[in-house]
Each structure stands twice: as C-alpha cells, then as structure tokens.
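There are 4 protein chains.
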Amino acid sequence: MSLNTYGHLFRVTTWGESHGPALGATVDGCPPGVPITEEMLQVWLNMRKPGQNKFTTQRREADAVEILSGTFEGVTTGTPIQLMIRNTDQRSKDYGEIAEKFRPGHADITYWQKYGIRDYRGGGRSSARETAARVAAGGVARAALAQLAPGLSITGYMVGMGERDIDRANFDWAQISQNPFWTPDAQAAEDWAIYLDGLRKAGSSVGALIEVTIKGCPPGLGAPIYGKLDTDLAAAMMSINAVKGVEIGEGMAAARLTGEANADEISMGENGPEFSSNHAGGILGGISTGQDIVVRFSVKPTSSILTPRGTITKSGEASEIVTKGRHDPCVGIRAVPVAEAMAAAVVLDHLLLDRGQTGGLRGPIGG
Amino acid sequence: MSLNTYGHLFRVTTWGESHGPALGATVDGCPPGVPITEEMLQVWLNMRKPGQNKFTTQRREADAVEILSGTFEGVTTGTPIQLMIRNTDQRSKDYGEIAEKFRPGHADITYWQKYGIRDYRGGGRSSARETAARVAAGGVARAALAQLAPGLSITGYMVGMGERDIDRANFDWAQISQNPFWTPDAQAAEDWAIYLDGLRKAGSSVGALIEVTIKGCPPGLGAPIYGKLDTDLAAAMMSINAVKGVEIGEGMAAARLTGEANADEISMGENGPEFSSNHAGGILGGISTGQDIVVRFSVKPTSSILTPRGTITKSGEASEIVTKGRHDPCVGIRAVPVAEAMAAAVVLDHLLLDRGQTGGLRGPIGG
Amino acid sequence: MSLNTYGHLFRVTTWGESHGPALGATVDGCPPGVPITEEMLQVWLNMRKPGQNKFTTQRREADAVEILSGTFEGVTTGTPIQLMIRNTDQRSKDYGEIAEKFRPGHADITYWQKYGIRDYRGGGRSSARETAARVAAGGVARAALAQLAPGLSITGYMVGMGERDIDRANFDWAQISQNPFWTPDAQAAEDWAIYLDGLRKAGSSVGALIEVTIKGCPPGLGAPIYGKLDTDLAAAMMSINAVKGVEIGEGMAAARLTGEANADEISMGENGPEFSSNHAGGILGGISTGQDIVVRFSVKPTSSILTPRGTITKSGEASEIVTKGRHDPCVGIRAVPVAEAMAAAVVLDHLLLDRGQTGGLRGPIGG
Amino acid sequence: MSLNTYGHLFRVTTWGESHGPALGATVDGCPPGVPITEEMLQVWLNMRKPGQNKFTTQRREADAVEILSGTFEGVTTGTPIQLMIRNTDQRSKDYGEIAEKFRPGHADITYWQKYGIRDYRGGGRSSARETAARVAAGGVARAALAQLAPGLSITGYMVGMGERDIDRANFDWAQISQNPFWTPDAQAAEDWAIYLDGLRKAGSSVGALIEVTIKGCPPGLGAPIYGKLDTDLAAAMMSINAVKGVEIGEGMAAARLTGEANADEISMGENGPEFSSNHAGGILGGISTGQDIVVRFSVKPTSSILTPRGTITKSGEASEIVTKGRHDPCVGIRAVPVAEAMAAAVVLDHLLLDRGQTGGLRGPIGG
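Chains as they are written, first to last, in the working numbering: chain C, 1 to 367; chain R, 1 to 367; chain S, 1 to 367; chain F, 1 to 367.
The following block holds chain C by itself, in its conformation from the complex (with noise of 0.2 angstroms):
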C-alpha cells in the first residue's frame, strides 16, 4: 500500500474529492478476458450509495460509473481500466464556516498541517465519497475472482451499532439484504432502526462493528512476512475512512485464550483438511487455509453532529462548530460494501500474486 495506490499487482489508484467534478479508480493489472459492463459494477456501487433511506446521508448522487478504457466489446484486455463516477450533487453553499475552522474528529487540521492547503468542501479528498471509487474497483476484482476462483464469495454485514450486538444464535445470511443495516440478525435490524432513528432525530451518530467473511478462498493464498494476507486484509480495512480496529479470527479476543483453547485442530475431511474450528480466521503465517476468512473491523461514529463542539480557527482563535449538512447517523452502514470491495481486492491481488511466483502448484496432502 502506497499513497493512492493499493494492491501489489492487481493495482487500484483512487483519485478525487467530494465536491471536484468526478471522482474514480485506476485499476492496473486485471487479467485479461474478464467480462465487465458498467451494469454490472453499478450493482456493487448501489449498494453502497447515499440517500436510499433515513438512515444515510440524504445527498443524492447517482453514483453511475462510467468506464473510460480497458475493456473491448465487454471485456477486459489486461490494459488499465479507468472507472470514473460524476459528483452531481454537490450543492452550491457558504463554506465560509468549514473553511476556517478546524471540524473536530476529522482530517480538516492534518490536512491542512501537512499540505498548507486543503479543499474543504466537504471534505475534499478525505471524504467518505472516495470510497466510491474503491466499490467500482471491487466490482473488477470480483469480475475478476468469478472467473479465477468460482466457489469464492465474500460477505459484509454488521455485528454492531454501539452498545449492540447481534445475537450470533439469530445469524441467518439470507437476511443481511433484506435489512439497511446489512445484519444477519432480522431482530437486531428491528432494534437498531427504533435506536439510531432516535439518534438521527437527535443530530447524534454513533459507530459499529462491521465483519467480512471470504468463503471458498483457496489454501495458499498470502505471501511472508510483509505480505501476509491477513496484513494486507488488515492494511485495506484500516484505509477505509473511520476505521479504528481491524481483527482476523478471534482478533483482539486471542489474547485472552490459552494455547489449548485456542488450537484449530486438524483433521482429514473428503475434500482434505478440515479444521475442529477456526480461532485463526482462515489464516496461518499469513496464507491462507482452505477455511473461512474473518476479518473484523470498527468504524467510528461519524464526526458531524448537530451538538456544538470547541475547535480553534485556523488564525488560532477558540471556538465552536455544529456540522450541519447532509451526514449518516451510522457511517459504518455504509461501510459495509466498501469493506467488501476491498476484501474483494486483497484477494484478486494474491491469487495473481501466488500464481506469478508458483504457479498454483500446491504441496499434496493425503493420496
């Protein structure tokens, strides 16, 4: 991971600020011969876009992703892809305010420290909106995997809102589209609408636990020391805006176990080994074994809210902010597609990855 760049060879370059007039990703390194159609990307793009009920930011962006190179009569060719998506909903509005003050929790005073210059409007280039590019991206990757990896899927949904927690006894996959919050537990859905409904009125926001899970992904796939694939899956997340904590497995929790407690026993299954569980998350010495993929992470609550909060004008004089606008009470909704393009990423970029330096081959276990 370098700047704007993310990925090793299967490279995305994401470019643009909130209120520019467009935004995207520069995706190197796809395999050639991969079907793509703006249809299809604009699936993934859907998901994450604002304004599709009360519990998003109510800025109205299409979101349509236009592909401006890198595919032929539908398909990849293994040149650049570049994905760009217009901003159309960037409303004409004093910034006088914004552009003084320094917005508490966000990177409005880093910015500005670091480059002597920044574009405030909403957020410039560290707003949320760059994750848009990411889920275009994403959608290649996945493109990508359906071809190179066909039993592979890879799954967002939420685990937390606050203080609450899914009842993992609920977890039922099937339901993680049929509710905004992308949870697989319908009666935390149910709880959490009345809870954040009330934040929203209140102009508070409040942060959550969002889970990755990558099901059928080979054994094999990471490379040592500084490549690992847990270090990459954890360097992806950790990129997404708001992130504060990424886990694999038992994640922060490993800490507490005791060695006996914590071994995925081995043994031989039908189609090789299987695992008596899976503390490790699907990963071992940073490659993974076969099982499934957990990655954990938390996003923050949003940083604009209705309640004043003390900053400093850039001239150094105290003062206070109300960030009105247009926010979501729960970023980390929608955070979820985001987290899944990335996952979907981290992936593509390591099986080409394994496939360049062995070729696939894989040592043999049992007959």
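The set of hints was computed from the structure by calculation and includes no laboratory data.
Among the hints, erroneous ones may be present.
Any copy, or any two copies together, can satisfy a pair, since identical chains are not distinguished.
Stated by the list, open to error - Keeping only pairs whose Cα atoms sit at most 30 angstroms apart, straight-line, the calculated DSS-like set for lysine-lysine is: (1) Lys215 x Lys101; (2) Lys49 x Lys101; (3) Lys324 x Lys201; (4) Lys215 x Lys314.
All of these numbers come straight from a predicted model, not from anything done at the bench.
Here the structure of chain C is known, so what remains is to put chains R, S and F in place on it, guided by the hints.
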C-alpha cells in the same frame, strides 16, 4: 508492504530461517550521516533476546548483530545497511515428527500447501526468530529518528495477559523496564509472574495485549488514502507473528461510542493546537495530529504446548502432536521490542516520505 | 517503473486507448502548492498535438486536457491529479482487415499472443496517442520543478532524421521552436522538409534521433545502484513508443574512447566544481554532477506505410497488409515533447527522492 | 527499479562495499522448488572473477558465494535467498589522496555532494565489485528459468573494443568461451589481445561494446507501457557501472531506416509465426515476439588510468590525480557475465509477472 520488504523510502527486507546459518535485515534508504554501531543496535536486540528469564524460551542465542555494509567510520553512508545475526543454538535433534505432521496453529500446513516444500526445522521462515532482524533494523530507524525528530520516543508495554488487564490507575512509565513483562503496572507484574509460572509449568501458554505509545511525533506525517500512518502501523503490527488484531486509539471500542463522546475537541495551546482527549490515537485522516500515537494489538497464545492436539500427517493420516522443545509460554512478551522496532521504521519512513513530498512545510495555525 | 505506472514518489499512471472515449494520467505524489491550470498544461499538449502540419498525422484531435481532481483554486493540494483528454476524432471505419491481420512492426501480434484479446482500433493501448497523457503529466512536473529548481530547463530537439544529421556548428537554441522538426539547425530543417515531404508522398516513413538537454539540474540527484538518474532516464525514454536505443552523454560512442579521452577533468569555478568536458552527460555513478544532462534516443520509422508488407492472419494464413489511414511519416517529431515530459517527471521524482532521504543536504566543496 | 532493488516479482536487493567485510544480494520472490547450490552459482561468479588473466584487475578475490537462507536440502523454499560474498583482498593502503581528491569519471564527487559522506576505499558502494552480487543473483534466476523456460538461453559477448569491431562474418558461438574477451570472433580476439596489452602497459584503458542474445524466450513476456520488456532490459543494463548507452535490435541505427527497410515481415512457420528479419530485436510494443531478443550496450573506458588528470580536493583546491592500484584496462570484459545475469533476472521477473496476470494463456495463432 510487499512480501519480505516493508517501507516506502526506508525499506527493510528481512531474510533467514530459524535453523539456517544466519538471518538478517537489508536496510535501504536510510539517511546518510546517522551514527550507528553494533553496540547501539545490540541494546535493542538484548531486549528481545530469548532465554533471559523463565518466561521466555530457553533457546540460548547471543543475537549478536554484525553490520556488514552501509556505514563508514561509524556513520551511515546512505547505502544499504546489511545487518546479520548468526544462529548459534540450533539444537541438533530429530525433526522426524515435525517434518511429517502439521502443528496446529503453526504455518506448517500453509507453507506446505503454498510452496510444496518447507524448512520444518524450528518453523523455518515463519519462526519468531525472524523478528530479531526487525529489531536490528528498528535500531537503525531509532538512530535516524534521534537526529530528525529529537523529541520523539517510542515505548511498548504489555497491558493485558490472558484475562488479566493492567489497572490504568497504576500506570507508571518507569516500571516498564523493571519487570520481565514490560508492563507499567507493578502490581500486575507480580500477579502475572505467578499466573504465567503456573501456565509454564503446565506446558500451556497464553495470549497478551501490547500497546505502543509514540510521543513527540510531529504533526503532518502520513499520507492519505492507502498510505495512511494508521494503515501502515496496522500493517506493521499485523505482520508480527501471532498478532490477530490491531487498534488505533479507541480501536474496536470506537464502535461503541456516540459522536459526542468520541469528539476530541480542539483548543489553542502555547505550542500549537491541543486536544481535550485522544480517542483518535493521534491520527486523523491518516495523518498525525501531534498528539500521542497509540497502537494496541493482541498476540495469540503460543501454539506450541505440551497438551496433545489432533492433527494429520502429510499423507493425510490422523495423528496427534505435542510440541516439546523450548517455547515461550507468553510470546507476547518478546513482541514488545519487536513492535517498538516496527513503529520506529514506520514513523521514520513517513517522516522521509513527508519530507520528500512537502519539504516539511506546515500550514501555520495561529500567529 | 512497473506496468502502467512510472516514478517512485512522483508517480504517473496513464490509461486509455486510441479509440476509447478518453485517455489520461493519474498523477500521485505531486508537492502541494504548485499552481496548475488547464491552460498551462495545454501549452505542452499543443506541442505534441497531431495535425499541425503536413509532417504529422492528419488526425484532428483537440487534445484538450481537463483537470478532474487534485487542485483547489488553481493550486495542487498534494492529492492525486486526474488529467483527462477526450478522444474526439475516432473515425468510424471498417476495422475488418486490421482486426484479422497483424501489422508488421506493430504490437498487434504480441498483444494478441499475451492477452488473447486486443483492441485493434488504432492500436488500442499501444497507440502513440497514449503519449498525450505523458505530456499532460509532464506539464505538472514542469510546474513543480519551476518552484523547486527555478533555474532548471528541459529542452528536446531533433538531431538526426534518417541518414541526415544536423551540423552541430549550426546549433542554435532559438531555432528549435521555429521549425516543424524541433531542430536547432535551421539548415537541416529546410533540408528535412524537402526530404520528408518526399517520403510522405511516397507513403513511406523514416526514423529519427532526438536529444534532450537538462540545464541547471542541481548536483546530487539520483540514487545508486538501481535507481540511478541515468537508469531512470533511460527507462523513461525507452518506454516511449518506437524508441530502440538510449544514450547518456557519449552514449554508444563511449565504447570507442580511451580513458584519457573520456576523462572530464575537474576544476574549481566561482559557483562550485566545473568540468573540462561532459562525456559523462552530467551523471556520475547515477548521480547528477550539476553539468548539463544529455540524453539521446532513436525512434524507429513509423511502421504504418503504404508499401504492402507480408504478414499472417489470426488463423495463420499468409497475407499482405497496407496500412492506410492517417500516420506520421516521421513519428520522431512528436516524440520531442514526449521526451521532455518524461525527463521532467524523472527529474522531479529524483528531486523529491533526494529531499526525502537526505533533506537536500550537500557535502560542501571548497570554502 | 528503485534504489538498491530491481525487479517486480523476482526482486534483487544488492548491498555491500568494495572494502567492507562482505557484499551480497537478497533475492526475494524466487519460485519454490528450484535446485540451487553454492557450486552452481560459483560457476557464474568465476566468469566475472577478477585476476584471471592480465586483462582484468589483479585484485585476487575468491568471490566465493555463501547461501545463508532460502534453500532447504538444496532447493529453494520460496523465501528470501541471501547470497553473501566476503571481501578477502582489501589491501591495506594509504587512502589519503583518494579520500581528499575526487577522481575524474568516478562517483567520488557525486556521492560526496549527495550524501556528505563517502566510503572512499576502492569506490565504496559505486565499485564494480557490487556486480558480483548481481552475478550471484542472476545464477538463481538462471536456475529458475531452466525449470520454467527450458529452451531459453542467455549469452553475452563482446562485439567491439575501442574502434575495433568484430567481423560478423566470423561470428561463432563456440568461440565465446575460448578467449578472455568473450568474443565470438576468434580473429578479433587475437587482435584485441595485442591492442589491449599495449593499452594496459601504457596505463591506459578503453571502452567496449557488449551484446546479449536471449534465445528461446516465449512470446508474450513484457508489460505495456512502463513495464515493457525492453524498458526493463534497458534499465537493467544502464544500471551496470560504466554503461552509457543501450540498444534493442537495430538500436540507435533504427533512426537511419525507412519504414520499408525496418519492417520485420511475418509468415507462418511450423512452430508458429516467423519473421523475415529481426530489426525489432525480439520485442514489439514492449512484449516478446518469440524471436531472439538482442540487447547491446556500451561500456566507457575505465576511469582509473596512469596519466595524471586535473581535479580538485574537497577543500576546492586544484590538483592532479593518478589512479594507481589494480584496475581493468577494459572493464567491459567483466561486464559480459554481469549483463547475462541482469538479463536473466529481467526475463524471469517478466515470466512470473506474465504468469501472475494472464496465467500464461496465449492468444492462439493458426489452427
């Protein structure tokens, strides 16, 4: 981060296996004119060195570092620095069992599946011995930081072992070097000594929580979007053996907060902006604020335990394995100096990156 | 250099095909605070633009560049700059023949063999149109250099066309912009006009020799061993379509010299070291000396000619092909602004790299 | 290519100075399962080793390579391979003069200006001794190529010394290993022996022209636009000490040709496409055609000569310098095995890259 190399401008490539003749780090991109001696680096290696007390593996390694290149008359020249550490205590023993069976929780099975070959002696490349090379490289980074950011300090410490957390009311920086656990809570140290001794004698192991605080980091380090300072710190920590979760500031707990609770309000102090709290962990939008940078991570319990665990052989037959040998009952202890080293490398790297792009200019705040 | 990206810190990724909707460059790592406008960049694009005289392809492209991101109020913010150029003159025509047959000297056959798919319209990604994106990105680099190295200038010019070289005795910098060949020898320009007109009418083409001189480059830029300034300049030039050879200073002729003849003796001038000659082309050990940096390269004749050439079809049948359409009789002419752009990107990149590693310190010579 | 590392997937980082304890190469990304022994690598090192005849420096170095990591039971494991070569013949001598004065044609002055410090003993990092590490790494690349592209061969040879070129009519592959100049023209070898002996006795030196031919390279290797196979080969050769120009196929002479003369017409042979000529040097659009890949480069004359040359001291005073010591009268001779090694690394790297992105699929031609 890519494969066996980390860093953008200050780049470290580690090499070597647990039971080969030597291991080391190739450090490229270090600024010229930094005083470096083997004695200076040895101080840090001694912190990580095994066999220092009954709580770490009894393998006896001098971990003596040799500087083979990149310095002249005790000062870096700006060319690659080769740091070599010889392996001296590779006990000759029968590796028959470990060669044929996959130890649960180890990288045995994934290395085998990926590469079709593995150096099974002591874990080969996936051994924690690799981290000695990181500590040596981190020593170089510290020496450069001492020149470029004189007030900066990096301190790692243990804040939890198994279910037992420190009492933050007892936090005393001076205590950290006074106990075998690098913990700032003297009372916890006493408690843990008894607790861990019991686990050790039982051939068991336990996980740990480590925290690293970077004080005096200048504001403006870090690079949005995929080269964020927190992204790179998270990747650096996740790349350490046995780490399963990484947090910045509030970390996973950020999911639990409301926007009001999470806001770090800003005021003007004598030396620039000050913050009412540090939920952000010193980083906003991927860029340092000047506050303490706080990184926390979990280390899983050592997988090598005396209780038999079910596994399979390379030929796919069911079996059991007991990992004898010299192991750490809490490998988290030795992760403390490793994490400090990784943090030093990341911060130096970002300091050089920032200097490269911005020349170190800073947007002024106040008079 | 990797795939569609070049540069270490100042990184340019180009994208787009000859006959797609647009092409462009994603420029990452530019210093903040650099004034950039579309008008400024257009000046350079107009130098490369086709259809300006009878010696370049009659394709009519406005080559109008749009800045989609990375600037605010006309100044760079330090975030990625997206430069887009729409294709406007993609003549609709029958591509049947070119789709089935491989044009000798073109990348048709290799793209097909590598990717199993190719955008055959106008050469797709391998078209010289890609270089428009480089010129736009080079304009950004020039603007940054104007701030960071004010005395630095980069000038490309043609020194040979076919068998006809310029007479160095006629060298006049002021002539370069006065003729369609960017040549400093007014007499050669007259001669070449007649010569090339003959070739053009005959449907033939011819190669060229281009030279780029960088004046005012500070000493100390470049990085040994594999990041040498000459290595990166050579790679940058060799990456331009149709380039087959690159030279620094004496270049290939260095093979002919003795050590005595080749030595650039050093003396002390008023402003630092001076050299009796410049066989080295301004670079020693990969690092700039402060002398003029001199890079020379050859451009092969345009492969698209009216004389039928033997080839095969995708199904392997023998055939002939005549490449009609709008082509440059001497594509080297338009390589001049491209080479300047590449040189600007390389020098800026090394200036940032040097500032990152050394902080711009310089070992003093003399009082 | 970046600083002290080259390659994308097969990455080599060299380290070490002429007069330090050792130098070497860290090789990352090698495929697993490749047989490598010190003996195998030594064969290549012995080709480059100094002191083998009167035409190379009389420094006596065993250049014995040690494999410190990355192999197990004589086979690569896919982890980093550390190759170390001890310096054994660093004559203790008075470096007083060379420490204070800058030798013309050497990197003394630029290293000093850039870094403010330099290891002046024998050229330090800029010494040609660094190329021993490249040759060792190239040996690893050759071993991997022997597995992955069995019919591929890489042969370097000298085609010109000073003003004296070989007669291509005398070209005999079998002669190359039969003379101290690695030249395929036995008659030239005799002539050059007398010529170079004269220069050597006079304390002079001369430049050389080297060519490398890669036979049996599969079509489809290389990556457009900035990762072209010719771009990477050019960079690889230009990174060798004393190289001032690089050519592919026709090279600089391509400037002299018309389109008709330059066209390599295509026909269908028994084993796929064939070409009537090879002006392209085996590469079209940056991608291999399957023809012989032909790279040519110039090596400047050794700058260390016995004739006094004017220079300055660090304090800026005018002086003269005679470079005594043990030097190569034609350093181009030892560049031959170095160039072969670099070519091997580049081709392997592109083979892995291609396998990563395309899986080695090939667009079929003919039935």
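Hints and how they fare:
Taking the closest pair of Cα atoms, Lys215 and Lys101 come within 30 angstroms of each other only across two copies (26 angstroms); inside a single copy the shortest separation is 46 angstroms, beyond that limit. Proximity of Lys49 and Lys101 under a CA criterion of 30 angstroms is satisfied intra-copy only: 29 angstroms inside one chain copy versus 45 angstroms between copies. Only within a single protomer do Lys324 and Lys201 lie at most 30 angstroms apart by alpha-carbon distance; the minimum there is 13 angstroms, versus 60 angstroms between protomers. Taking identical chains as interchangeable, the C-alpha atoms of Lys215 and Lys314 lie at most 30 angstroms apart only when they sit on different chains, with a minimum of 24 angstroms there against 49 angstroms within one chain.
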